[in-house]
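Start from the sequences, fold in the hints, and give me the full structure.
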Amino acid sequence: MDLYGWFGKALRVNLSTGVIKEEEIEKTLMMDWLGGRGLGTRMIYREVPAVCNPLGSENKLVFAAGPLTGSNFPGSGRFSVSAKSPLTGTIFDSNAGGTWGVRLKRCGFDMLIIEGAASTPVFLSIKDGAASLEDAGELWGNDVFETNHKIISILGKDVSVACIGPAGENQVKFAAIMNDAHRALGRGGLGAVMGAKKIKAVVVSGNKKVRVAHPEKMDLMVYESDKWIQASPITSKGLPEFGTPVLVNLFNELGVFPSYNFQGSQFANAGKISGEAIAETIYAGRKGCYRCPVQCTRMVKIGASTIPGPEYESLWALGPECGIDDLTVIAEANNLCNQLGLDTISTGVTIGCAMELEERGLLKTGLKFNDAVGLLRAIKQIASREGVGDLLAEGSRRMADSSGFSQYSMQVKGLELPAYDPRGMQGMGLGFATSNRGGCHLSAYMVGPEALGVPKMVDRFSTGGKAGLTITQQNINAAVDSLIICRFINLAVSEEYFARALSAATGVDYRPQDLHRIGERIWTLERLYNLQAGLDSSFDTLPPRLLEEPIAEGPSLGKTVELKPMLAEYYRFRGWDAAGIPTSKKLQELELEEYSC
Amino acid sequence: MLKDFQKIGRDLFLSGLNSSHSGNLSVRYGDRIVITRRGSMLGHLEERDLIETGLAKNDSKIILASTEIGVHRAIYKGTSALAVVHAHPVHAIALSLLEDQIIPVDSEGAYLLHKIPVIGAEHTIGSKELENILPGLLSEYKIVMVRGHGSFAVGQMIEEAYQWTSCLEQVCRIICLTRSLHGEMKEKRFEKFTSW
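So the sequence lines, in the order shown, correspond to chains A and B.
Per this note's numbering, the first sequence starts with residue 1, numbered consecutively.
Per this note's numbering, the second sequence starts with residue 1001, numbered consecutively.
Hints in this document: simulated from the structure, not taken from any laboratory.
Note that the coordinates shown come from a computational prediction; the quantities given were computed from them, not determined experimentally.
Careful, some of the hints might be misleading.
[Unchecked claim] Take a look, some chain B residues computed to stay more than 10 angstroms from chain A by CB distance: (1) Gly-1030; (2) His-1091; (3) Leu-1097; (4) Gln-1101; (5) Ile-1103; (6) Pro-1117; (7) Ile-1119; (8) Asn-1132; (9) Ile-1133; (10) Met-1157; (11) Glu-1160; (12) Arg-1173; (13) Glu-1184; (14) Lys-1192.
[To be verified] Short, incomplete list of chain B residues facing chain A, as computed with Cβ under 7 angstroms: (15) Ile-1062; (16) Ile-1063; (17) Gly-1126.
Where a beta carbon is used, it is the ideal one built from N, C-alpha and C, also for glycine.
Rendered as structure tokens:
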């Protein structure tokens, strides 16, 4: 069968038996689920029992590229990993840029399934389609940078490494998988799943060409998309010049920049840690992923070292969330998280929660706000599970529950919240509450319509119309995560271009509404899985602080999230019943009758 | 300042010089610029739609600014203007597709504008090419048409730049109407402005 965009091949690696085999992926499967998150969701739903222990051998890791991965389309250098999350217990996908995804694709595979568990540490090497499991005894215990360096020094520069650090080995519930040294599949603790399976790294290297069905049409889409990326001040000026920390001053001015474990919605010293401040003080260049015209990564100079600087979310979590206003400390903490293989958001928010519990005298953690030494020490302790780090390594929900004060944990479904106070952005609140993977900003990315005016600016304080908009955003983003395109590209380029590029790449005719439908199918299947895992509608909520405590000052003064009416509307618009369960009519409409909860 | 932007933005929309979400306005003061937000509705401007950022230097507000911020900045750097109006007047755009310059045939238009250059560019939106071309022309002319795209007018205040925009569209409507009558023009007294 002639395939374009996809190779139609998966590699299945059983760590328990050591058996590695190639499998065909049916074209209809790829057409329906595209790749990345979509294909990963479908595989996890089919093959991983919803009630299994995420750190047991029944869980699987599905690495997947998409039909645009490796093409010339801007922002297409991404891949995703799906599994059942040890942090949230939900189905979970996490994606990252760099070069790893492109190299997996160039090995001739759209998907890699890792199952079972090894008895001793191993790493998987895939070179031009030939795969082998290698002894990783020497690598076990190494941090991410050492692991990356050692593997590259053995296998050469033309390989990309996705690996875990000590945090993953120690099964920290929010351990990341790190690729290309500094790129993170951060959220959800998928690094702990690798650690539990004793697989230290997956190394890819390949030269197969990804065939495009209609190169001339693809060229036109690339040309037009690049034009819009260059025309948009977000992608041509803001992100290239300041990186994602461009959002710091903006959100602080709106009063939606949380601080001190969401006790505040502004941070007094935001200006000291903003994108502008980075540009004026520690900036040392910029970098980007494969085929990226935006190049949002900041390189920063700390002492004698030049390292990748913190992204907006990391900067906030390791900064204002913990009361820290020192850029150098934040950059060091961020680098330490990368080195040890930790999700920066969950790390910062869990530490911030521990700081509040300590200050309220509710839990002895030895941590206090604005304690830089304590922050750095806690990060190391979490990764090694030493002392109080062992408790923090379980995430803020379990930690706060242990003290009997769960209300101080700023999470949804166990996933620590990112850098937006939803009390000043109602749609963001609904997006957090309904996200299938928990407290996630990327699922709905209501930052676009509520703050950046993409696709159009809406009233951030209003609840009216937010359910419909949130659903649309969640659906299209699920499809974009399956293509798989960087989220920043669709701040400048609409889904019409994505559909045309997908059609050009695969030769299959897709229209924008097809992407919405594919996204809705992915979203619904994730929901069904979560329901099977026992996560019913009672989990579609927010921490009490955001629902009950009005913002005390600033431009969002007096606001709480008015979740209840938005949620009822959300269920209705989704075609779910009042208990948040997809109706059989909806499943029929989406041709998902064979799936159920 | 908000009131000025609201008044001119509303008039631009109501007089058909812009569609619901097109066009942008800015003023310069010192090394700062206030420009309408990307995607804002000029007919319904609110406080959140006015974005202040640097004239030469970007800051975080840049991500909210109009897509044409680069052109506005280039105009301020290359001219003495203190205000810029960018609009999409339909008759002027139609004529720009046929002509390299627009010479008014009516007295008011000829008196005020004399001649309106029409320039072409491969990329016309958020265009670096226009950043290079427009400042030079706008230091000599009050308003310039970008072929198939729209007008950029300068002034010491927004109302002035709006006047040139409104006048241009009036000029072009008259030309289009005159041409549609298929008669011989009795006088071509303003043709001398081709050498303006």
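Evaluated hints:
{"no.": "1", "hint": "Gly-1030", "verdict": "18 angstroms, holds"}
{"no.": "2", "hint": "His-1091", "verdict": "25 angstroms, holds"}
{"no.": "3", "hint": "Leu-1097", "verdict": "20 angstroms, holds"}
{"no.": "4", "hint": "Gln-1101", "verdict": "27 angstroms, holds"}
{"no.": "5", "hint": "Ile-1103", "verdict": "31 angstroms, holds"}
{"no.": "6", "hint": "Pro-1117", "verdict": "23 angstroms, holds"}
{"no.": "7", "hint": "Ile-1119", "verdict": "18 angstroms, holds"}
{"no.": "8", "hint": "Asn-1132", "verdict": "15 angstroms, holds"}
{"no.": "9", "hint": "Ile-1133", "verdict": "16 angstroms, holds"}
{"no.": "10", "hint": "Met-1157", "verdict": "25 angstroms, holds"}
{"no.": "11", "hint": "Glu-1160", "verdict": "26 angstroms, holds"}
{"no.": "12", "hint": "Arg-1173", "verdict": "29 angstroms, holds"}
{"no.": "13", "hint": "Glu-1184", "verdict": "44 angstroms, holds"}
{"no.": "14", "hint": "Lys-1192", "verdict": "39 angstroms, holds"}
{"no.": "15", "hint": "Ile-1062", "verdict": "5 angstroms, holds"}
{"no.": "16", "hint": "Ile-1063", "verdict": "4 angstroms, holds"}
{"no.": "17", "hint": "Gly-1126", "verdict": "3 angstroms, holds"}
Checked against the numbered hints listed earlier, the structure breaks none of them; every hint is satisfied.
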